[in-house]
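Engineer: Each chain, written out:
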Amino acid sequence: MSFLKFVEEPLFYFAAAVFLIGALWRVIGIIRIGRKPDLAPAKGSGTAGFIAGNLRHFVPRNIFAKRTWIHIIGGYGFHFGLFALLLFAAPHIKFFDERILGISWPALPRWGFIIAAQFAFAGLIMLWVRRFSDPVMRLIADWDDHISSWLTFLVMLTGCLALQESHDILKAIHMLFVDVWLIYFPFSRLMHAVTFFLSRGYTGATYGRKGMTL
Amino acid sequence: MLHRLIAAIFFTALMLMSLSTASAQSVRPPANAVNQPDSEQERVGTSNTLGTQSQSDYWRALRHGKSGISTTGRNDGLLIQSQGEDWRLIRKQYILKYSGWVLVGVIALLVLFFLIRGRIRLKGGRSGKTISRFSLAHRTAHWFMASVFIMLAISGLLILLGRIALAPLIGKGAYAIMASAAMQGHNLFGPLFIIALIWLVWLFIPGNFLKMVDLKWLAKGGGLIGGHASAGHYNFGEKVWFWFVVIGGLAISVTGILLEFPWLVENLLFLQLSTIVHGIAAVGLIAFALGHIYIGTLGMEGALDSMTTGDVDINWAIEHHDLWYEEVTGKPINKSGEDSDDDSPGHAQVYTQSRS
Chain A
1 MSFLKFVEEP LFYFAAAVFL IGALWRVIGI IRIGRKPDLA PAKGSGTAGF
51 IAGNLRHFVP RNIFAKRTWI HIIGGYGFHF GLFALLLFAA PHIKFFDERI
101 LGISWPALPR WGFIIAAQFA FAGLIMLWVR RFSDPVMRLI ADWDDHISSW
151 LTFLVMLTGC LALQESHDIL KAIHMLFVDV WLIYFPFSRL MHAVTFFLSR
201 GYTGATYGRK GMTL
Chain B
1 MLHRLIAAIF FTALMLMSLS TASAQSVRPP ANAVNQPDSE QERVGTSNTL
51 GTQSQSDYWR ALRHGKSGIS TTGRNDGLLI QSQGEDWRLI RKQYILKYSG
101 WVLVGVIALL VLFFLIRGRI RLKGGRSGKT ISRFSLAHRT AHWFMASVFI
151 MLAISGLLIL LGRIALAPLI GKGAYAIMAS AAMQGHNLFG PLFIIALIWL
201 VWLFIPGNFL KMVDLKWLAK GGGLIGGHAS AGHYNFGEKV WFWFVVIGGL
251 AISVTGILLE FPWLVENLLF LQLSTIVHGI AAVGLIAFAL GHIYIGTLGM
301 EGALDSMTTG DVDINWAIEH HDLWYEEVTG KPINKSGEDS DDDSPGHAQV
351 YTQSRS
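Each protein sequence line maps, in turn, to chains A and B. Sequential numbering from 1 applies to the first sequence in our numbering. Sequential numbering from 1 applies to the second sequence in our numbering.
It should be emphasised that the hints constitute simulated quantities derived from the structure, not laboratory data. Given the structure is predicted, the values throughout are model-derived calculations rather than measurements. A virtual CB, placed ideally from N, CA and C, is assigned to each residue, including glycine. Treat the hints with caution; some may be incorrect.
Claimed, not checked - Here are the in silico distance ranges between beta carbons for each label pair:
| id | chain 1 | residue 1 | chain 2 | residue 2 | range |
| --- | --- | --- | --- | --- | --- |
| 1 | A | Arg110 | B | Ile198 | 21 to 31 Å |
| 2 | A | Pro109 | B | Gly330 | 52 to 62 Å |
| 3 | B | Ile198 | A | Ile63 | 20 to 30 Å |
| 4 | B | Lys172 | A | Met1 | 53 to 63 Å |
To be verified - In silico DMTMM-like pairs for lysine to aspartate or glutamate, Cα to Cα no more than 20 Å straight-line:
| id | chain 1 | residue 1 | chain 2 | residue 2 |
| --- | --- | --- | --- | --- |
| 5 | A | Lys94 | A | Glu8 |
| 6 | A | Lys94 | A | Glu9 |
| 7 | B | Lys172 | A | Asp168 |
| 8 | B | Lys123 | B | Glu266 |
| 9 | B | Lys172 | A | Glu8 |
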């Protein structure tokens, strides 16, 4: 079995299983914690607050915009770029089609891929720099944050280095980092990708019940 | 099935197009230009190896741009571009030959300097009091540029020098893989360098124009000779580095764009010049950056703080940027190099002479 075949098949399926089961386990665990009973009479809808809390956080607040513009630009640049790469890069669509889903969809043209990658890299670098430059972020960041950032960076970097698609080993290195990333995901703050809506929603629902406008 | 059919039609159309283009743009020499005997046997007995008529004149005319026998499109009327040979020689005999040694030489000089001078320590030690030197935007722009620059430097050096420095060690096959990866990475991060450069220049240009005090700083060798050298927010060395980044970065950006999008220029000479300028500017910037990294980390105590936390120790500010310290605090520094403030630890938020 070649190294490429190993990282694309047995190791990938193992990593995907760890990713799915681990992420599901943690989400269910969070939901099972529940919430403390609120004995005060509700002045508004908790459900509406849950939804509003999720949506409101996507829009930066004016009073903080000047202080947080690096975070905002970096955050949006990275996440949009990453999702564009993940879902619309031609090699990824081919992989999803042939190995997982059995369906295909239109891919980004090469120039679109390059621009998405540049947004993703620029955003990730800005966010990581902020992590050790900003005094508050530096205090609350730990090794898990840095490993998550670097692992994501290496997944993206190795993928882009294999863009010429002319050497199997480059593709295999990319897949190896993807596998490691998937295995690391449930045990790290990368989990925010699937738990962010719960935390935002929890805050939003609490405020919603109190009748506060978000 | 349908997309296969479409692909087959497209492919066939492409083949036909290339055939028709090839016949319209034939580079075949005219019949009378070829006068060599067909076989080795026929050549024996002729006056020279080229037959009765030399081909030299014909090819010489082509080398010097004889029109009428060429392809269409870029460089009409030019089959052989003579400057290409000059470009190849310049690249091989100067850039490839010396650029690696320039970088090795700079590293050797820095090691030697460190061994002789050692780390430049704070004479008065750390005071425990700090003042702000760079905002979060400055630090982010700086590290954004640094990250992109390091990626480009590594990938660029792999492309430029890998064949002569790395391929003999790891083999041509392994180097081919690294070169492919480096090329993709270099092209990807290149445009980010331009964005980083614009951001960096916008934030750092205030305070980086030369003043008389910079000449005094230079005359004292930055404090190495002739005692303490006063400096504002940026000293002469930092200003030279800034302008080197601006000019070198501009050269790299413009030539990089031309190399990534070669169809932007009609004349091949621009692309050849671009590779030379790109290489020289890049090696120069990397060499300068090595010195910058040295002095910012190992070479000088307290310097790195300004780019990590954004704050510097007051003693560092007084020793290395006394005029800036006086300007932003409004406190004169006495002759012993101390301000008149109390000794309690703390932090002073001050305005920097730059955009925030």
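Engineer: Hints first: check each against the structure and report whether it holds.
Structural biologist: How the hints compare with the structure:
{"no.": "1", "hint": "A/Arg110 - B/Ile198: 21 to 31 Å", "in the structure": "holds, 25 Å"}
{"no.": "2", "hint": "A/Pro109 - B/Gly330: 52 to 62 Å", "in the structure": "holds, 58 Å"}
{"no.": "3", "hint": "B/Ile198 - A/Ile63: 20 to 30 Å", "in the structure": "holds, 28 Å"}
{"no.": "4", "hint": "B/Lys172 - A/Met1: 53 to 63 Å", "in the structure": "violated, 27 Å"}
{"no.": "5", "hint": "A/Lys94 - A/Glu8", "in the structure": "holds, 13 Å"}
{"no.": "6", "hint": "A/Lys94 - A/Glu9", "in the structure": "holds, 15 Å"}
{"no.": "7", "hint": "B/Lys172 - A/Asp168", "in the structure": "holds, 16 Å"}
{"no.": "8", "hint": "B/Lys123 - B/Glu266", "in the structure": "violated, 59 Å"}
{"no.": "9", "hint": "B/Lys172 - A/Glu8", "in the structure": "violated, 27 Å"}
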